[in-house]
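Colleague: So the sequence lines, in the order shown, correspond to chains V and Y. For the first sequence, our numbering puts the final residue at 220, and the numbers step up evenly by one. For the second sequence, our numbering puts the final residue at 1039, and the numbers step up evenly by one.
By construction, these hints were calculated from the structure, which means they are not laboratory data. Do not take every clue at face value.
Straight-line distance between alpha carbons at most 25 Å, and here's what the computed PhoX-like set of lysine-lysine pairs gives [claimed, not checked]:
id, chain 1, residue 1, chain 2, residue 2
1, Y, LYS227, Y, LYS303
2, V, LYS95, Y, LYS941
3, V, LYS67, Y, LYS941
4, Y, LYS703, Y, LYS755
5, Y, LYS296, Y, LYS713
6, Y, LYS296, Y, LYS703
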Amino acid sequence: MNGHSFTLAGADLIALASGALFWPAQSLLCVSDLHLGKSERRARLGEPPLPPYETRDTLARLEVDLKTSRATTVICLGDSFDDSAAAQALSEEEKLWIAAMQAGRRWVWIEGNHDPGPVELGGTHLAELPLPPITFRHIAQPGQSGEISGHYHPKVTIRPRGRAITRPAFLIDSDKVILPAYGTYTGGLRSHDAALSTLMRPEALAVLTGPVPHAVPMPR
Amino acid sequence: MSALPEKFQTWFAERGWSIHPHQRDMLDRAADPATLLIAPTGGGKTLAGFLPTLLELSQYRRDTDAIHTLYISPLKALAADIKRNLMTPISEMDLPIRVEDRTGDTPASRKRRQRAAPPDILLTTPESLALLTSYEDAPRMFAGLERVVIDEIHALADSKRGDQLMLALSRLQAMCSGLRRVGLSATVEDPDSIAKFLARHPDPCHILTADPEPDPDISMLDISDATPPWAGGGAGYAIPAVLEEIKRHKTTLIFHNTRAQAEIFFHNLWLANDEALPIGIHHGSLDRSQRERVEAAMTRGELRAIVCTGSLDLGIDWGDVDLVIQVGAPKNVKRLVQRIGRANHRYNAPSKALLVPANRFEVIECQAALEAVQAHDLDGETRGPGPLDVLCQHILIAACAGPFDAETLFNEVRTAGPYATLSRAEFDDCLTFCATGGYALRAYDQWQRLKQDADGLWHLRDPRSARLIRMNIGTIQDTDTLKVRMRRSRGGKPLGEIEEGFAASLTPGDTFLIGGQIVRFESLREMVVEVSRDKGRQPKIATFMGTKFATSTQLSQRILRLLDQSDWPELPSHTRDWIALQNSVSQLPKNRRLLIESFPHEGREHTCVYGFAGRNAQQTLGLILTKRMEELGLAPLGFVSTDYATLIWGLEPLTDPGPLFDPDALRDGLDQWLAGNALMKRTFRASATIAGLIQRNTPQARKSGRQATFSSDILYETLAKYDPDHLLLRITRHEAMRGLIDFGRIEQMLTRIDGRIDLRRLDRVTPFAAPLFLEAGRTPIEGAAQERLLAEETARLMEVAGLTEQGLQSPGPQGKQTP
């Protein structure tokens, strides 16, 4: 599998190059910050518009990861929808697509700051999910261990021979993992940002997404 | 031939003038529906254009509140200048004629008055005219219009501004069927095509040619002592010699190809200007008030020299210029001839001009250009039919003015020269796009702009959208620029503008040149760059670009022919030796062959392709070749292009160029891969803005440039993926054949070499390739080589941190390694 293997609280995990996290022992795939319906929400609120179809793009990538990982449990780690209305505004086609992916799988929507309420799509809606030894929640809590979260959309810039390459990245230390945003229209927060560097231990690693994953000491 | 009225005869006589033959011809042809006058600078061209108007207005009374003659110029400054010149005969002959100008700079109060009570002669620009035709009262404002005079039509005929102008004239012609058109042009290679462009299709257009001017006195600056550098465009080495020339002449115009080069040259000129000669700078990025100050000082004859760019290309009359210096290769012979014409604005006096090559290769190009000027061999690219993005804007403008019938508008559009061959299907595509935004975007409200009523007429769906459409009229695509101001407590002095991309690269404390002074970047606030004065002498170089012209096909051909000899006695010895060395170390590029050199240098493999296709096409060639090299496993890392060659570096050597240059494969490469190309996105963005898909200006605020870039890029990708046949993508692909992408020149090159490729494998850098290593503007390639570098770098960082590949399985709290 095209990923970077590591251990968190005794659980063997794989940070996939696509930005999803896979837990083979549980056959569990976790993705964070899909922000489905972002273009629809911006158009609705009169913000500068973004073109449509990004929801399909995100779903298409998720489908590929589900096929290759054969995961039986899917955890969407919050901010799955750009807001609650965006979940309702998905096209019939897109709702059917999600339903098809949910068929035969356990599917958990963790609530995020963008999508706090339950959605009318299948699956379970939870504030957080403890799955010992791991806990899944949207926003990392300082001092927790064995925690997998999202929210910050971390990204990392590397400069090999003076050339800057920026990629969404996993941040990993012995206590926690912060997932990169999986959605098509999502900006990012540099790992240098105080919010991230205070959250992560000094020896934390960053795993860059892309064609293949690359691990580096987390730039700060 | 009718006699000139006494008033006019007296006026000419009092000034000791006699009427030029071509001015007389213009009077005789005053009733023709269209006339094109080709005359050199200083030939009384403008007066020739206006004489029939002055005569008609002085001979019969007419409705006082009607425009008799509309004068269109490509430059706002030119309109103001013409107004001054026109007022002289009008006031001296005491003619009852009111002249006013109207441009983007005209105050709103005067604009309102002009619509209520139009002057006899209105001077304006293509954009202001397009805006006027968008008002519902346009038919009333233009009722009684008799003549339209288009100045510097050769400059407009090359651009979308000209296409828009011709569409606007088709509207005016529908309102005033007797409208007569006059075009004034500098010397061009193909007057017939301009005549077709000007006249209402299919009206005839007579071409009048004034006596040609005497051959210019033109030469290369004597650089046998000072050696030009290998690369770069600064020409700093020539400063002392240029300063000597300024001292020897009354007034010198010093032309540069880019604004940044003009700034740097001006800066260095001042550092060397021990006698404090009054020298000014003038370019399009400077604040208007600054430009006007320089123009005023020039008119008063106070300046000995002006360092300038294309902003002074067109005919503003500067009086006493007796020398024109062109710094940097002229790139285009026609433009060079027109620039030279700026010296000695007196009829029948030869112009004096000097060429200053900025680097070693430009010495060759300057020599080729000199020979072309002497041979009267002007260059020109033929332009295809009128572009559809401009037509889309025209349809929206028409809708602002009122409901229209599609058939009527189609027939009207076909009377414009550039659109004479437009098909109904193409027109309908544009109309559908204006109405719905196109298939992929049909669900979006903001792109649903037109609707058809029960009578079949097309309307704006929301009349309020007229305001937005009017705010975005025009086809000029500036790169996004930000205003630069001195930091003060309350709004400091405006200095000019810089490119947004350049501004984004600045950190507080960085210094750059603008308006000839070094300033320190302080902050970026509300889209204004705040700076303070800096005492330093070495700025971080301003990269904001003027236009980067590509060397024309004809000039490139001449360069190849010039190289194809056994010796070069006409060139200075340093350049002659350099060419001879290239010839002995490798070989010289040949006219009907393609030279490729392959050599290792500093641990990387290099490939140098001497295509002589001009900067833009060489850049595109670099993009396509590196894509193919990536597929062939040669791991290219990046490339850089000039007008004559592209240098590619990577991890593996090129041994077989055949598969790379297969024309079908190259064309495939263009199709597949341009989809993700930033240039393609820029081309798309320009067309999408003109066609009204993206709005540059909104009533709320100017959208920040970066934001506009962001959404136009995503729009492009969305359309490319889900609606590849969208009108705007078809327009973009069409535009890709010229301009920034210029694939047409690559096709020309392939035809020229017809498979004849010389690959030379060498053990080190060659004399011709060496300058490319110093060239700015390198393009990195994102591909396998980048992943290799990223892997190297991340491994290195892990090692520095004391972590092995096994160690990352579980980074312990103390960073301990687990086996």
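Colleague: Determine for every hint whether it applies to the structure shown.
Modeller: Against the structure, the hints come out as follows:
Restraint check for LYS227(Y) and LYS303(Y): satisfied, since their Cα atoms lie roughly 21 Å apart, inside the 25 Å limit. Distance hint between LYS95(V) and LYS941(Y) is fulfilled; the C-alpha atoms sit about 21 Å from each other, no more than 25 Å. A distance of roughly 23 Å separates the Cα atoms of LYS67(V) and LYS941(Y); the hinted pair therefore holds under the 25 Å criterion. A distance of roughly 22 Å separates the Cα atoms of LYS703(Y) and LYS755(Y); the hinted pair therefore holds under the 25 Å criterion.
For the hint pairing LYS296(Y) with LYS713(Y), the CA-to-CA distance comes to about 23 Å; that is within 25 Å, so the pair holds. This hinted pair checks out: LYS296(Y) and LYS703(Y) have alpha carbons roughly 20 Å apart, not beyond 25 Å.
Going down the numbered hints, you'll see the structure goes against none, and every one checks out.
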